[in-house]
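Protein chains: 2
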Amino acid sequence: MPKEFHPPARILMGPGPSNVDPRVLLALAKPLVGHLDPEFVRIMNNLQELLRTIFGTKNHLTIPISGTGSAGMEAAFVNVVEPGDKVLVCVNGVFGERMTDVAERCGAQVRPLSTTWGKPFDPQMIRDELRTFRPQVLAIVHAETSTGVLQPLEEIRDILKEFPETLFLVDTVTSLGGHPVKVDEWGIDICYSGTQKCLSCPPGLAPITFSEKALQKIKKRTKKVQSWYLDMNLVGKYWGSERTYHHTAPISMNYALLEALRIIHEEGLENRYDRHRRNHLALVRGLEAMGLSMLVEEPFRLWSLNAVKIPPGIDDVQLRKKLLDEYNLEIGGGLGTLKGKIWRVGLMGYSSSETNVLYFLMALEQALRAQGYEVPKGAGITAAQEFYSQAK
Amino acid sequence: MPKEFHPPARILMGPGPSNVDPRVLLALAKPLVGHLDPEFVRIMNNLQELLRTIFGTKNHLTIPISGTGSAGMEAAFVNVVEPGDKVLVCVNGVFGERMTDVAERCGAQVRPLSTTWGKPFDPQMIRDELRTFRPQVLAIVHAETSTGVLQPLEEIRDILKEFPETLFLVDTVTSLGGHPVKVDEWGIDICYSGTQKCLSCPPGLAPITFSEKALQKIKKRTKKVQSWYLDMNLVGKYWGSERTYHHTAPISMNYALLEALRIIHEEGLENRYDRHRRNHLALVRGLEAMGLSMLVEEPFRLWSLNAVKIPPGIDDVQLRKKLLDEYNLEIGGGLGTLKGKIWRVGLMGYSSSETNVLYFLMALEQALRAQGYEVPKGAGITAAQEFYSQAK
Numbered sequence: 001m002p003k004e005f006h007p008p009a010r011i012l013m014g015p016g017p018s019n020v021d022p023r024v025l026l027a028l029a030k031p032l033v034g035h036l037d038p039e040f041v042r043i044m045n046n047l048q049e050l051l052r053t054i055f056g057t058k059n060h061l062t063i064p065i066s067g068t069g070s071a072g073m074e075a076a077f078v079n080v081v082e083p084g085d086k087v088l089v090c091v092n093g094v095f096g097e098r099m100t101d102v103a104e105r106c107g108a109q110v111r112p113l114s115t116t117w118g119k120p121f122d123p124q125m126i127r128d129e130l131r132t133f134r135p136q137v138l139a140i141v142h143a144e145t146s147t148g149v150l151q152p153l154e155e156i157r158d159i160l161k162e163f164p165e166t167l168f169l170v171d172t173v174t175s176l177g178g179h180p181v182k183v184d185e186w187g188i189d190i191c192y193s194g195t196q197k198c199l200s201c202p203p204g205l206a207p208i209t210f211s212e213k214a215l216q217k218i219k220k221r222t223k224k225v226q227s228w229y230l231d232m233n234l235v236g237k238y239w240g241s242e243r244t245y246h247h248t249a250p251i252s253m254n255y256a257l258l259e260a261l262r263i264i265h266e267e268g269l270e271n272r273y274d275r276h277r278r279n280h281l282a283l284v285r286g287l288e289a290m291g292l293s294m295l296v297e298e299p300f301r302l303w304s305l306n307a308v309k310i311p312p313g314i315d316d317v318q319l320r321k322k323l324l325d326e327y328n329l330e331i332g333g334g335l336g337t338l339k340g341k342i343w344r345v346g347l348m349g350y351s352s353s354e355t356n357v358l359y360f361l362m363a364l365e366q367a368l369r370a371q372g373y374e375v376p377k378g379a380g381i382t383a384a385q386e387f388y389s390q391a392k
Numbered sequence: 001m002p003k004e005f006h007p008p009a010r011i012l013m014g015p016g017p018s019n020v021d022p023r024v025l026l027a028l029a030k031p032l033v034g035h036l037d038p039e040f041v042r043i044m045n046n047l048q049e050l051l052r053t054i055f056g057t058k059n060h061l062t063i064p065i066s067g068t069g070s071a072g073m074e075a076a077f078v079n080v081v082e083p084g085d086k087v088l089v090c091v092n093g094v095f096g097e098r099m100t101d102v103a104e105r106c107g108a109q110v111r112p113l114s115t116t117w118g119k120p121f122d123p124q125m126i127r128d129e130l131r132t133f134r135p136q137v138l139a140i141v142h143a144e145t146s147t148g149v150l151q152p153l154e155e156i157r158d159i160l161k162e163f164p165e166t167l168f169l170v171d172t173v174t175s176l177g178g179h180p181v182k183v184d185e186w187g188i189d190i191c192y193s194g195t196q197k198c199l200s201c202p203p204g205l206a207p208i209t210f211s212e213k214a215l216q217k218i219k220k221r222t223k224k225v226q227s228w229y230l231d232m233n234l235v236g237k238y239w240g241s242e243r244t245y246h247h248t249a250p251i252s253m254n255y256a257l258l259e260a261l262r263i264i265h266e267e268g269l270e271n272r273y274d275r276h277r278r279n280h281l282a283l284v285r286g287l288e289a290m291g292l293s294m295l296v297e298e299p300f301r302l303w304s305l306n307a308v309k310i311p312p313g314i315d316d317v318q319l320r321k322k323l324l325d326e327y328n329l330e331i332g333g334g335l336g337t338l339k340g341k342i343w344r345v346g347l348m349g350y351s352s353s354e355t356n357v358l359y360f361l362m363a364l365e366q367a368l369r370a371q372g373y374e375v376p377k378g379a380g381i382t383a384a385q386e387f388y389s390q391a392k
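Those protein sequences? They're chains A and B, same order as listed.
Just so you know, the first sequence maps onto residues 1 to 392 in the working numbering.
Just so you know, the second sequence maps onto residues 1 to 392 in the working numbering.
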């Protein structure tokens with residue numbers, strides 16, 4: 001029989017999951033109640049309220065989907081897209097590609113609009129496509145986990161005012177809780193995320209929110225949503241005032257999300273974003289002092305996910321293995337066309353700390369040195385520390 | 001800000017979730033590792049091995065789906081059903097109805113075959129339909145959570161030998177871990193379950209297994225699986241030897257499932273089934289001694305979910321509210337056409353205990369008495385205790 005599992009004490013600085021506050025782990029360990037228990041219904045209301053705050057929305061239908069971030073993506077598309085609908089998907093990384101695939105599986109007429117991985121979209125390029133294609137849905141990733149690019153959304157919002165028939169669908173998996181997300185202010189109609197990134201809750205739920213305009217599109221559907229599990233007409237009734245049974249909610253995961261959101265509320269959103277920005281900047285200073293460079297140009301770098309170019313001659317897999325085996329430190333490799341070319345260093349939620357930045361720079365220096373890469377001793381750490389002391 | 005949640009100490013004797021062993025709760029609280037961490041990959045292998053044992057299968061593709069039992073149902077259908085396929089669904093309760101809905105959303109030509117709720121299917125009736133309809137898939141619920149009916153599957157297996165082109169799809173959400181489930185012996189091609197019933201793990205994962213014949217059908221598909229999230233071509237690569245990233249697995253839930261399956265392994269499957277049967281029989285003795293009767297005839301009663309007829313004149317909602325408020329005891333009401341007509345009393349996994357049977361009979365007697373129902377004092381408890389002492 002397999003032994004009891006005693007996980008190693010990993011420092012999670014990859015593309016997610018991030019480490020979670022011990023308070024969240026303890027919330028997971030609380031005894032179960034039923035999914036229709038009045039006490040559970042009460043915390044469902046709390047969850048919705050806290051999610052609305054962090055999404056920056058008044059949307060009634062703001063809930064955690066019972067699946068991971070990718071289930072959130074699927075829920076977003078299957079509900080608002082009907083077969084034959086035109087969907088414009090902005091692709092500059094793996095998650096844009098995944099959106100294309102998901103939208104195609106809904107029977108949509110998908111037009112992918114591509115730009116270089118590692119660069120954001122020029123909003124004018126999107127406007128041109130909107131004019132010729134006139135899609136029902138424009139889909140874009142706010143924080144591309146595969147490249148570390150932050151896509152500003154204000155200008156796209158302004159452009160979309162010319163296209164009132166188009167729904168604005170945004171992936172905030174790697175931004176929500178680490179970067180400001182302003183659903184109502186940015187005119188987003190469908191916005192989803194995952195719990196295991198900047199919310200620092202274990203993977204397993206996908207917060208999502210639908211605007212009134214998105215709900216109208218869903219109501220006017222002529223064909224049923226192809227996913228029974230993710231059909232907002234049904235799920236919405238469980239989370240709505242009816243509390244009609246749909247599927248059994250993942251009770252423990254919802255406990256964890258509640259505690260994670262309470263922690264965010266205690267810290268305050270602005271403080272939290274500042275912390276993410278500060279640790280990101282310190283990390284970049286440190287990396288640059290070590291002669292390394294970032295894939296993404298300023299000001300489009302994510303604070304939560306840092307894409308670092310792997311220097312020539314360095315063995316990616318061997319270095320990451322050394323960090324994991326000898327330092328209990330997880331970072332991510334590149335995906336798709338960036339495989340072997342970048343490291344993805346996450347500073348998300350609970351994992352975004354001065355301790356982690358310094359520890360990582362120390363470990364990376366040693367791991368690089370072990371492969372013969374010359375780096376001035378302690379340069380990264382010193383630069384990061386200087387930054388922190390100036391920032392205080 | 002919402003306060004920290006301190007759940008009441010519920011005794012969960014509804015249709016699920018069941019209570020879970022404290023060892024499972026503690027497993028949830030263990031620190032996270034990444035979804036591609038070698039240590040996590042190791043427990044993925046353990047999970048698959050233990051799931052194969054409990055499903056009674058050698059099927060390679062035996063995994064926990066990252067969603068609740070209903071996601072398991074959806075994964076079963078979306079993978080093997082292509083638009084236009086003929087699907088025969090046996091409907092004698094809510095979950096058969098749900099299968100119909102899910103299969104229709106896959107574009108299948110669905111023929112529902114109905115029988116009275118509370119009764120099992122006559123296999124000859126299924127044979128007749130198979131002969132005229134010649135479906136690609138026959139779908140049936142092994143343990144109907146809405147009615148408490150156990151559907152024997154051996155005879156259907158024998159009938160299916162005449163129809164080698166038909167896949168056998170079975171829902172074991174409320175049987176797996178409480179009743180014997182023998183996927184290979186019964187010739188089942190697709191079998192799914194949920195974690196929150198007889199496995200006594202919190203809701204959030206759906207164990208599923210696919211036979212080689214089912215995989216061949218999936219490989220021959222001409223159209224992509226409509227769900228990206230549940231596409232076994234992709235999910236299977238993450239759980240297969242490639243370990244290709246698909247979505248971030250719900251780490252903590254997988255910890256919990258591993259511990260729940262370890263507990264089952266320690267108890268032994270036969271001991272566990274005996275326990276479920278014994279507590280079920282004791283409960284029935286007790287209920288009958290109180291003048292109550294069961295919806296389902298012997299030998300088709302589920303051990304895990306007992307459908308008890310509500311006596312005339314008793315207010316269902318008021319009684320269940322009293323049990324919850326005054327006894328911290330959750331039982332379920334009827335669903336669909338059985339709403340207000342039955343109670344559903346779960347004895348699943350950790351919740352299937354002598355303690356719970358006696359406590360429930362005590363509480364029910366008092367709650368019935370409070371509504372003027374005449375019941376000989378202590379009759380239910382005495383009958384159950386007599387049964388237990390004879391059974392020892």
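In case anyone wonders, no lab produced these hints; they're calculated from the structure.
Glycine is no exception: its CB is placed at the ideal position from the N, C-alpha and C atoms.
Heads up, some of the hints might be wrong.
The list that follows gives simulated cross-link-like pairs (lysine to aspartate or glutamate, EDC-like), each with its CA atoms no further than 20 angstroms apart [what the hints assert, rightly or not]:
#1 A:K223 to B:E104
#2 B:K119 to B:E129
#3 A:K3 to B:E39
Label-pair distances were calculated between CB atoms; the ranges are [said to hold, decoys possible]:
#4 A:S241 to B:E165: 25 to 31 angstroms
#5 B:A391 to A:V317: 54 to 60 angstroms
#6 B:K339 to A:R127: 49 to 55 angstroms
#7 A:D158 to B:N328: 53 to 59 angstroms
#8 A:E266 to B:E39: 29 to 35 angstroms
#9 B:N328 to A:E267: 50 to 56 angstroms
#10 A:R134 to B:P164: 21 to 27 angstroms
Exercise. Okay, D158 (chain A) versus N328 (chain B) on CB: inside 53 to 59 angstroms?
Worked result: With a Cβ separation near 55 angstroms, D158 (chain A) and N328 (chain B) satisfy 53 to 59 angstroms, so the hint holds.
Exercise. Honestly, do N328 (chain B) and E267 (chain A) meet the 50 to 56 angstroms range at C-beta?
Worked result: 35 angstroms, violated
Exercise. Using the C-beta atoms of S241 (chain A) and E165 (chain B), is the stated range 25 to 31 angstroms upheld?
Worked result: With Cβ atoms ~47 angstroms apart, the hint is violated.
Exercise. CA of K119 (chain B) to CA of E129 (chain B), is that 20 angstroms or under?
Worked result: 18 angstroms, holds
Exercise. Per the hint of 54 to 60 angstroms, is the separation of the Cβ atoms of A391 (chain B) and V317 (chain A) within bounds?
Worked result: 59 angstroms, holds
Problem set entry | Range hint 21 to 27 angstroms (beta carbons of R134 (chain A) and P164 (chain B)) holds or violated | For R134 (chain A) and P164 (chain B) the Cβ distance comes to about 50 angstroms; the hint is violated.
For this session: Starting from K223 (chain A), check that the Cα of E104 (chain B) is at most 20 angstroms away, please.
Result: 11 angstroms, holds
For this session: Compare the distance between the alpha carbons of K3 (chain A) and E39 (chain B) with 20 angstroms, and conclude whether the hinted pair is satisfied.
Result: 12 angstroms, holds
Exercise. K339 (chain B) and R127 (chain A), beta-carbon distance inside 49 to 55 angstroms?
Worked result: Roughly 53 angstroms apart at Cβ, these two residues keep to the hinted range, so it holds.
Exercise. That 29 to 35 angstroms hint for E266 (chain A) and E39 (chain B) (C-beta), does it hold up?
Worked result: 32 angstroms, holds
Comparing the model with each earlier hint shows violations of hints 4, 9 and 10; every other hint is respected.
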